[in-house]
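Construct the entire structure; sequences and hints are all you get.
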Amino acid sequence: MARPDLALAVPISLSPWARRFPPEGRARLLLLLPALVFLLLVFAYPLGLIVIRSVTDPLPGIDHYVQIATVDVYLRVLTSTFGLALTVTLATFVLGYPVAYVLARSQGLLQAIFIMLVLLPFWTSLLVRTYAWMVILGRYGVVNKTLMALGLTDEPVRLLHTGLATHIGMIHILLPFMILPIWSVMTRIDPALLMAARSLGASPLRTFLRVFFPLSLPGVFAGGLFVFILALGFYITPALLGGPSDLTISMLIAQQVSELLAWGFASALAVTLLVVTLAVIFLAGSVLGLEKIWEGFK
Amino acid sequence: MNADRQWESPGRWPGILLYGTCGLVLLFLMLPTFIVVPISFSDSLYLDFPPRGFSLQWYERFLNSHEWTAALWTSLQAGILATLLACAIGTAAALGLARSRFPGKSLLVGFLVAPMIVPVIVLAISLYAVYAKMKLVGSLFGLVLAHAALGLPFVIVTVSATLQRVDERLEHAALSLGATPFKAFRYVLFPLIRPGVIAGAVFAFIASWDDVVIALFISGTRSATLPKRMWEGLRSEIDPTIAAVSTLLVVFSVALMLVLELLRRRSARLAAPAPHAEG
Numbered sequence: 001m002a003r004p005d006l007a008l009a010v011p012i013s014l015s016p017w018a019r020r021f022p023p024e025g026r027a028r029l030l031l032l033l034p035a036l037v038f039l040l041l042v043f044a045y046p047l048g049l050i051v052i053r054s055v056t057d058p059l060p061g062i063d064h065y066v067q068i069a070t071v072d073v074y075l076r077v078l079t080s081t082f083g084l085a086l087t088v089t090l091a092t093f094v095l096g097y098p099v100a101y102v103l104a105r106s107q108g109l110l111q112a113i114f115i116m117l118v119l120l121p122f123w124t125s126l127l128v129r130t131y132a133w134m135v136i137l138g139r140y141g142v143v144n145k146t147l148m149a150l151g152l153t154d155e156p157v158r159l160l161h162t163g164l165a166t167h168i169g170m171i172h173i174l175l176p177f178m179i180l181p182i183w184s185v186m187t188r189i190d191p192a193l194l195m196a197a198r199s200l201g202a203s204p205l206r207t208f209l210r211v212f213f214p215l216s217l218p219g220v221f222a223g224g225l226f227v228f229i230l231a232l233g234f235y236i237t238p239a240l241l242g243g244p245s246d247l248t249i250s251m252l253i254a255q256q257v258s259e260l261l262a263w264g265f266a267s268a269l270a271v272t273l274l275v276v277t278l279a280v281i282f283l284a285g286s287v288l289g290l291e292k293i294w295e296g297f298k
Numbered sequence: 001m002n003a004d005r006q007w008e009s010p011g012r013w014p015g016i017l018l019y020g021t022c023g024l025v026l027l028f029l030m031l032p033t034f035i036v037v038p039i040s041f042s043d044s045l046y047l048d049f050p051p052r053g054f055s056l057q058w059y060e061r062f063l064n065s066h067e068w069t070a071a072l073w074t075s076l077q078a079g080i081l082a083t084l085l086a087c088a089i090g091t092a093a094a095l096g097l098a099r100s101r102f103p104g105k106s107l108l109v110g111f112l113v114a115p116m117i118v119p120v121i122v123l124a125i126s127l128y129a130v131y132a133k134m135k136l137v138g139s140l141f142g143l144v145l146a147h148a149a150l151g152l153p154f155v156i157v158t159v160s161a162t163l164q165r166v167d168e169r170l171e172h173a174a175l176s177l178g179a180t181p182f183k184a185f186r187y188v189l190f191p192l193i194r195p196g197v198i199a200g201a202v203f204a205f206i207a208s209w210d211d212v213v214i215a216l217f218i219s220g221t222r223s224a225t226l227p228k229r230m231w232e233g234l235r236s237e238i239d240p241t242i243a244a245v246s247t248l249l250v251v252f253s254v255a256l257m258l259v260l261e262l263l264r265r266r267s268a269r270l271a272a273p274a275p276h277a278e279g
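As they're listed, the protein sequences go chains A and B. For the first sequence, the tail end lands on 298 under the working numbering, and the numbers increase by one without skipping. For the second sequence, the tail end lands on 279 under the working numbering, and the numbers increase by one without skipping.
None of these hints come from the bench; they were simulated from the model. Source: prediction; values computed, not measured. In this text, a Cβ means the ideal position worked out from N, Cα and C, and glycines have one as well. Where hints are given, some of them may not hold.
To spell it out: a stretch of chain B is covered by chain A in this simulated footprint if at least three of its residues, at any positions, have a beta carbon under 8 Å from a beta carbon of chain A; those stretches are [what the hints assert, rightly or not]:
1) 13-26
2) 64-78
3) 201-214
Here are some chain B residues the structure puts well away from chain A; computed CB gaps all over 12 Å [what the hints assert, rightly or not]:
4) S9
5) G53
6) L56
Take a look at the structure:
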């Protein structure tokens with residue numbers, strides 16, 4: 001809000017140009033135009049075509065959607081992708097919460113080092129990290145060599161190209177997305193509240209469970225939502241680390257387009273993935289309040 | 001940060017448990033970097049960990065391979081051009097959104113940041129279908145447009161956040177002293193929001209630089225980006241050249257991270273004397 005005295009002073013001495021385009025005027029909305037036109041052409045138009053294609057290619061009708069909802073193979077891909085996203089979200093929460101807690105408690109150099117350790121993988125290319133897990137989990141990779149050196153196994157254990165490898169890779173890649181929002185919310189919790197609970201006789205554990213943990217929940221929801229919707233759309237990591245039977249929706253879409261040229265069906269799958277993602281966001285928003293989740297991103 | 005923050009010590013056993021878990025998770029996070037970097041300096045002909053001897057052969061191979069350097073060049077071009085485009089239209093959009101109120105504004109904001117939310121595979125096949133018809137597959141132009149769409153939300157979000165902290169009276173003052181809106185922007189507003197624009201640019205560049213899925217579909221074979229070239233390498237054979245490329249990318253990430261950290265400190269310093277507390 002502008003101060004009233006200044007707001008009064010402005011129109012009198014504005015330059016001619018500024019009078020035509022006052023800072024708060026509607027004309028400023030013109031600045032939105034380039035981005036809007038750009039997104040309409042490069043984003044909305046292609047997406048719209050996919051939606052249309054899903055009900056017209058090769059024949060008009062909702063056959064593709066019926067197929068997705070009824071054929072066993074496709075249903076299994078949908079549920080397993082959902083299950084994968086859910087497991088990864090829970091695992092990143094269990095592993096990430098203590099790290100966020102330590103991050104929030106630590107100070108100075110130690111905190112700087114911890115933040116570096118969380119941010120470095122966050123900034124490293126997804127492909128590089130997936131590649132590293134291929135090296136670690138491979139047939140003659142680091143894990144198998146260690147196991148064999150310790151005499152725990154005589155021949156390499158199959159780790160790469162399994163569901164386990166996909167889980168490990170995805171948890172690794174998405175962990176920072178869980179840690180950072182939780183940490184951000186934790187640093188804004190007033191320590192006086194904790195001291196108040198303690199001085200009123202609550203045990204440290206009870207103080208944590210009844211005061212600290214509930215206050216940190218917006219961060220957990222923000223991180224959880226972020227990890228879950230990212231995990232739903234994962235393609236690269238499951239494709240490189242997973243086995244042929246661990247198909248995700250994204251992999252199925254890519255396969256339909258590049259190997260089978262089944263554009264109509266691929267489009268229907270893409271629309272399904274998009275709708276599910278948006279539904280998760282709206283559901284989270286209406287149950288938890290988007291404002292509350294948004295808090296976690298600040 | 002409040003320096004007087006007081007945390008109770010967690011006690012001996014919970015403390016050991018807490019710091020132990022944290023240490024293990026941080027180790028897990030760092031493990032891939034600890035593995036990839038040494039491998040890239042290996043002197044053996046195949047993947048070997050721990051490497052027996054030191055050599056720069058994989059870096060040499062990377063720099064001598066036309067395929068790899070061409071991919072690096074494509075990635076740099078696409079990244080820089082997409083970042084410039086996203087910054088220009090994103091900053092303008094953030095300025096248009098700031099302090100304005102109109103019906104459906106939150107819907108519009110939702111649309112502007114939507115490329116961040118839509119699963120990237122969905123965007124990739126949508127663009128591929130359109131580009132195939134318009135003969136844009138394999139063109140740098142098409143790649144730049146797609147990557148700019150990926151980066152645009154980051155620019156809008158960071159610049160909007162910075163604009164919220166700028167005292168609008170400064171712009172009013174410039175205007176009332178006779179500056180044209182452009183001059184007021186160039187000499188007053190832009191210097192104030194520059195940290196936000198640069199942070200947005202870093203994010204937009206990363207969005208382009210890291211993208212595999214879109215490039216996989218639309219960049220064709222002629223103008224493959226670095227991640228696409230890596231992807232192809234990973235699918236066929238695990239070649240330690242990729243470890244060398246990866247190490248270069250890690251170094252690059254660290255550099256960008258430091259840039260952002262410096263910016264954050266700078267803007268924290270600039271924001272400190274502001275009279276209003278952040279809302």
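Exercise for the section: Return the numbers of the hints above that this structure violates; sort them in rising order. Expected result: 2, 4
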